[in-house]
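Knowing the structure of chain R, use the given hints to seat chain L on it.
There are 2 protein chains.
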Amino acid sequence: MAAPPGRRRGGGRAARLSARAAPLPADLRPVRPGLDGGRYKVLDDADVIRIHTAALDALEQIGLANAPASGVDLLTGARAILGPDGRLRFPRALVEDMLACAAKAVVLPGRDPAFDLDVSGNRVHFGTAGAAVHVVDPVTLDYRESTTQDLYDAARLVQALDNVHFFQRPMVCRDITDNFELDTNTIYAACAGTTKHIGTSFVGPDTLPGCLELLYLIAGGEAAFRARPFVSNSNCFVVPPMTFATESCEVMEICVRAGMPVLLLSAGQAGATAPAPIATAVVQAVAECLAGVVYVNAICPGAPAIFGTWPFVSDLRTGAMSGGSGEQALLTAACAQMHKFYGLPGGAAAGIADAKLPDMQAGWEQAISNTMAGLSGLNMVYEAVGMHASLLGFCMESLVLGNDLLGQVLRCVRGIEVTDETVSIDVMKAVCLGGPGHYLGQDQTLKLMQSEYVYPDVANRMSPKEWVEAGQPQLLDQARARKEAILASAPHLLSRDLETRLKSRFNLVTLSHN
Amino acid sequence: MAAPPGRRRGGGRAARLSARAAPLPADLRPVRPGLDGGRYKVLDDADVIRIHTAALDALEQIGLANAPASGVDLLTGARAILGPDGRLRFPRALVEDMLACAAKAVVLPGRDPAFDLDVSGNRVHFGTAGAAVHVVDPVTLDYRESTTQDLYDAARLVQALDNVHFFQRPMVCRDITDNFELDTNTIYAACAGTTKHIGTSFVGPDTLPGCLELLYLIAGGEAAFRARPFVSNSNCFVVPPMTFATESCEVMEICVRAGMPVLLLSAGQAGATAPAPIATAVVQAVAECLAGVVYVNAICPGAPAIFGTWPFVSDLRTGAMSGGSGEQALLTAACAQMHKFYGLPGGAAAGIADAKLPDMQAGWEQAISNTMAGLSGLNMVYEAVGMHASLLGFCMESLVLGNDLLGQVLRCVRGIEVTDETVSIDVMKAVCLGGPGHYLGQDQTLKLMQSEYVYPDVANRMSPKEWVEAGQPQLLDQARARKEAILASAPHLLSRDLETRLKSRFNLVTLSHN
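Residue numbers (numbering that gives the first Met the number 0), protein chains in the order written: chain R, 0 to 513; chain L, 0 to 513.
Isolated chain R, as found in the complex (with noise of 0.2 Å):
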């Protein structure tokens, strides 16, 4: 194998990173939210199609029991038939005109415009979500109850990372026992950490009111909630299989109808409440979202919804959850196609780790979903970081370092420029013929290392002796102290003013800076 020559010469290295330590625009970045996925199709044109039948045969046949009495008046009057066994079936016709009215575009915007996501195409966003009861301590291994404070320690952390691209509410603040404290506070919480999209549910239908009026208050208004609404709804509205939720249905129906965006999302588990075929387990998830798109859709024709197949893989010898399987891939992979064919914004999970503690399995557990989810041109890629047990428990370290791990990730989502230069030989005769004989110095090197390579922030390239000579730092530490770094600087994002009128509106807690 060749040598590594560049570890031979200390010449223009400092030259090097000098260059590279020079921020560059936006514009310029080797990676950021929205690159172009889809060059991963993990099933046939033909395989979505018969996937695509069997869900609208499921639709027909089977239906959906448990809509709440406003879904029942608002689906039969979009033509779906009450069967006398209480299951709300639906006529394909029915299906493929709600389709055609959805909303194929939507923008989840950011509190900052400059995070405004959008998704559409096969644009590629990671973020995080998830309802983890723990927060893991990799030093002490506890897996303690997750607080609010955490939750916005979160946010905070995700404010600063460039390649996670939203914040969907990944864990529970536990310390809150009120379902109308706990939306309140979580939406308080997220909001304070960041100004990138969050995403959050809600309790029930009660607790919606009151949550308006907070989003109301921090976004300026009604008006301005609706022309820019921050916050979307992660929504269960269905409780596999092919179960109408019927409290989430009726929060599902004020939040379209206050200009909310929601995420349809279908939570199955192959083998336990979906179907255990890969395949079939698609079909049971397309079926229900389907079903939420006719939902949604005949609230309020064309409102901003994500289409999110989430179905998960049980480990068949126990019926627990295996976030962290091929098979989660897989199936995550091909529902991304499937948004594509309908030509729908979606999302499902990736990223997940089986793995309790941010360890070596975390670390393929988290990639294998997560790149196979980004190649294949998923738009939002849930819980692509910092969740472990199956998603019980969230890891801020996990987080920093999965920062790491999805600048990888994009980079392959960028994929390769094919262009007149970089299949131009000139530079190789230059090198070969009567030049240097190595690339080092070239221009043309000097050029790409900002705008087509993407460095780590915490994970470590040493060469074995450089490692030594610091002291062989660990990985662990290392993401420890890149996230005390971010908190300790991490300002708060609510003014002062708005922060006294909130807290004199609703009961919030009193969170930490650091």
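Hints may be right or wrong, so weigh each one.
Chain copies aren't distinguished; within one or between two, either way the pair holds.
Listed below are the simulated EDC-like cross-link pairs for lysine to aspartate or glutamate, each with C-alpha atoms no more than 20 Å apart in a straight line [said to hold, decoys possible]: (1) K428 - D84; (2) K428 - D56; (3) K464 - E144; (4) K428 - E59; (5) K428 - D43; (6) K502 - D177.
Hints listed in this document are in silico derivations from the structure and should not be mistaken for laboratory results.
This is chain L only, laid out in the frame that chain R set:
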């Protein structure tokens, strides 16, 4: 999110675990060597042609320097043109003619035919390779010099790890200083440890006669070795950019004439010994390997050779190699696609970690490039497991963990079966319409448990509660225990009689069995 119902159902768990414990016939295993990849195409078809054309231009206009005298004779005899600058240039028609007669499928035999590798089409195989000079101890953090015993242990581990399909020498026996003894002991230790296909390098042409004698002794004669050459030659026949490695070319000539398959290995480093743009680095690697194809087929038309475009990546800030980067994964994926274009058996590097230890960084670095390689249908994925510090260190615990990682990658390569059964909604109907409302006990679920789902050996899927009850097992401890268990019972795979004959002829190291 739907709660995982399996966690609440202890009933069928024992039965499911016991069903799973029954051994599976090889043809029913969910993953195996030679699964078809190729669903991911990092390049457009037009890009492939542009890269091919540029490579032909480079061969015609730049050519390669430093061929040995024998190579100059062979290649000019085949119509290559020797310039006054000492470079051999290759007319387009020559390259095309040699591509036409090159071997399109190669079988790399194992000493046990059950491990034969059919290297053709989109069939994917993962294995070790490299020239690490250290063994990494993840407990003491020590990078110590690698020995013949380490090589033997690594071979014995690979023999037991189903998802590692071949054993190319991953590290150098640093306890041996004599060149001939180095080459013979490398073959000996590898053959004593595994009956999977073995790859090795030779220090120079002088060691070859003795090494062939050793191989003939192990095979039971020259004819037996020629019939099933279970050792192939990993041959760095070029020193990029565009220079033949004189001595390695002489080794190649001997190996080809001896009927030994040759890996034509071009290991440039983008930004250092190869151009910095990813596409141009591929152009150069392809040009160099095409020169190798011409060379091999000038010696013996149709001789078995692997198209070994192994471009590596530099961290352009320092010039140091960064095998764990996203850019590396892209390079490898692009190379796989070029192999398909030529219809030649091909190999490249993936799975390299820059991480010094088997930590989370190592997990994502190994996973991203192995996933991309597998999905691209790369025939031979070299350096797929165990490699740390950008190839300088080999780690046994990481090798054991890598087997789990590759199991998951292979599951992704296998993809999703869309069949009449898997798009049938019959089971959904049975479950939803008057059925139990979940899929846990369905015949379909139980049937798929063994054949469709991959289970890790070492990776941990416990819930946090189970994990605490089990004493919070740490991944590296588990990996070390698994390593020791394998080595404790691993057989020595040379008979006592053969061993005696080998030792009477060669100066071989005494290997410890556990």
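Which of the listed hints are not met by the structure? 5
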